[in-house]
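Generate coordinates for the entire structure from the input sequences, incorporating the hints supplied.
From first to last, the protein sequence lines are chains D and V.
Take 0 as the starting number for the first sequence in numbering that gives the first Met the number 0 and just add one per residue.
Take 0 as the starting number for the second sequence in numbering that gives the first Met the number 0 and just add one per residue.
Because the hints were derived from the structure by calculation, they are not lab data.
From a predicted model like this one, the values you see are computed outputs, not experimental measurements.
C-beta: ideal position from N, C-alpha, C; glycine also.
Keep in mind that a hint or two might mislead.
Far from chain V by the CB rule (all over 10 Å, computed), these chain D residues [to be verified]:
#1 V1
#2 R55
#3 V73
Here are the simulated lysine to aspartate or glutamate pairs, EDC-like style, with alpha carbons at most 20 Å apart [what the hints assert, rightly or not]:
#4 D:K119 <-> D:D163
#5 D:K65 <-> D:D84
#6 D:K119 <-> V:D40
#7 V:K111 <-> D:D80
#8 D:K119 <-> D:D84
#9 V:K111 <-> V:D87
#10 V:K76 <-> V:D87
#11 V:K154 <-> D:E125
#12 V:K76 <-> V:D40
Short derived list, chain D residues pointing at chain V, Cβ under 8 Å [to be verified]:
#13 A28
#14 A33
#15 V37
#16 L53
#17 L64
#18 L66
#19 L70
#20 P72
#21 K83
#22 G110
#23 L135
#24 A136
#25 N138
#26 A151
#27 I152
#28 L170
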Amino acid sequence: MVNWIWLGMIVFSVAFAVATGRVDQVTEAAFSGAQTGVTVCFGLISILVFWMGLMRIAEVSGLVLKLSRLLAPVVRWLFPDVPKDHPALGFILSNMSANLLGLGNAATPMGIRAMQELQKLNPHPETATPAMCTLLALNTASITLIPTTLIAIRMNFGSASPADIIAPTLLATAISTGAAIIADRWYRRRSGDPPAALPRPTETAGVAPPKGA
Amino acid sequence: MVAALHALSTWAIPMFIVLIPLYAAFRKVPVYETFVDGAKDGFSTAIGIIPHLVGMLTAISMFRASGAMDMLVAAAKPLFARLGVPGDVLPLGLLRPITGAGSLAFATDLIKAHGPDSFIGRIASTIQGSTDTTLYVLTVYFGAIGIRNARYALKVGLFSDAVGFFAAVFACWLLY
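Given below as structure tokens:
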């Protein structure tokens, strides 16, 4: 699906630009978009280096394991195919708590660490596992208690009660997260992955790597 | 309640930064060496995301500059108006899943134009605050570990964005 969306955006943009005489702008946009991509990644370097250092300390000291045991029932229901006491669960929990608190900077490195741990359980390293899809669903829906950025912006524009949006945000984010979990479950079941399938036997022979990926 | 949540959000990061090494030192972990050891991976992870993000942002940037986005919004406006969605917030709903910076700029603009405490200003704040940028999250998280086949993850993300958009409008109708 990503392939089609990507191709569709490019082809449609160029066709539309030709029709409306905006070819110059679109060419320029292509390179400025590429530049933004690099700039964003460079911005991520400091954040990732810092948090991954800190999280290694948390992991080595046993904190991650402790955390994963604390809320184990909920996480195990969401991630049935991750073995008990696996470090991935601890990072998933840290990622979810950081999202709840609106700490975007901290949530991303924790989510990436969780993905790296899930990747160790992946029999086909280029294909996402169901657990990865669930973690991604939780992060795109990103359940939020405190929308910090928006409160700051509202304050900036002289809102009488900037934190007023906490209630509707909480309601909307709970509904969309619920929808994400339900949709994820539905696709997971439909895709026919056995709930605890590590490593998947026999199936490997029939799976070809994606062509030209 | 609100003040308490705010305090929690302000104090969480400094608390993380001080309590994690403190606990580790207590457990006799060589904290500085461990930090440096883990931090090394951060650099390569960030660099590994570059090709994914450049590819995605190039396409998004072209799509917006070509005017195709505006046409899509114009086409969808009457339909959404019938569902009780103010036309002004519709572009935000379409931008939200594809660009974080773009939708934040648009939301800020709506808040500025209509006022933060207007109905539209509140809907804009709620939409922007209640979900994350699906394409960005997918690109960064899967890019970091080299996943090429995302399977159904994008569908789930876009579906929850659509639900979140209507939920945000609904929540504002309900609460104001």
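Results of checking the hints against the structure:
no.: 1; hint: V1; verdict: violated (6 Å)
no.: 2; hint: R55; verdict: violated (2 Å)
no.: 3; hint: V73; verdict: holds (19 Å)
no.: 4; hint: D:K119 <-> D:D163; verdict: violated (43 Å)
no.: 5; hint: D:K65 <-> D:D84; verdict: holds (9 Å)
no.: 6; hint: D:K119 <-> V:D40; verdict: holds (15 Å)
no.: 7; hint: V:K111 <-> D:D80; verdict: violated (47 Å)
no.: 8; hint: D:K119 <-> D:D84; verdict: holds (14 Å)
no.: 9; hint: V:K111 <-> V:D87; verdict: holds (13 Å)
no.: 10; hint: V:K76 <-> V:D87; verdict: holds (9 Å)
no.: 11; hint: V:K154 <-> D:E125; verdict: holds (18 Å)
no.: 12; hint: V:K76 <-> V:D40; verdict: violated (46 Å)
no.: 13; hint: A28; verdict: holds (3 Å)
no.: 14; hint: A33; verdict: holds (5 Å)
no.: 15; hint: V37; verdict: holds (6 Å)
no.: 16; hint: L53; verdict: holds (6 Å)
no.: 17; hint: L64; verdict: violated (12 Å)
no.: 18; hint: L66; verdict: violated (11 Å)
no.: 19; hint: L70; verdict: violated (17 Å)
no.: 20; hint: P72; verdict: violated (23 Å)
no.: 21; hint: K83; verdict: violated (22 Å)
no.: 22; hint: G110; verdict: holds (6 Å)
no.: 23; hint: L135; verdict: holds (5 Å)
no.: 24; hint: A136; verdict: holds (5 Å)
no.: 25; hint: N138; verdict: holds (5 Å)
no.: 26; hint: A151; verdict: violated (11 Å)
no.: 27; hint: I152; verdict: holds (6 Å)
no.: 28; hint: L170; verdict: holds (4 Å)
Of the hints listed earlier, those the structure fails to meet are numbers 1, 2, 4, 7, 12, 17, 18, 19, 20, 21 and 26, in rising order.
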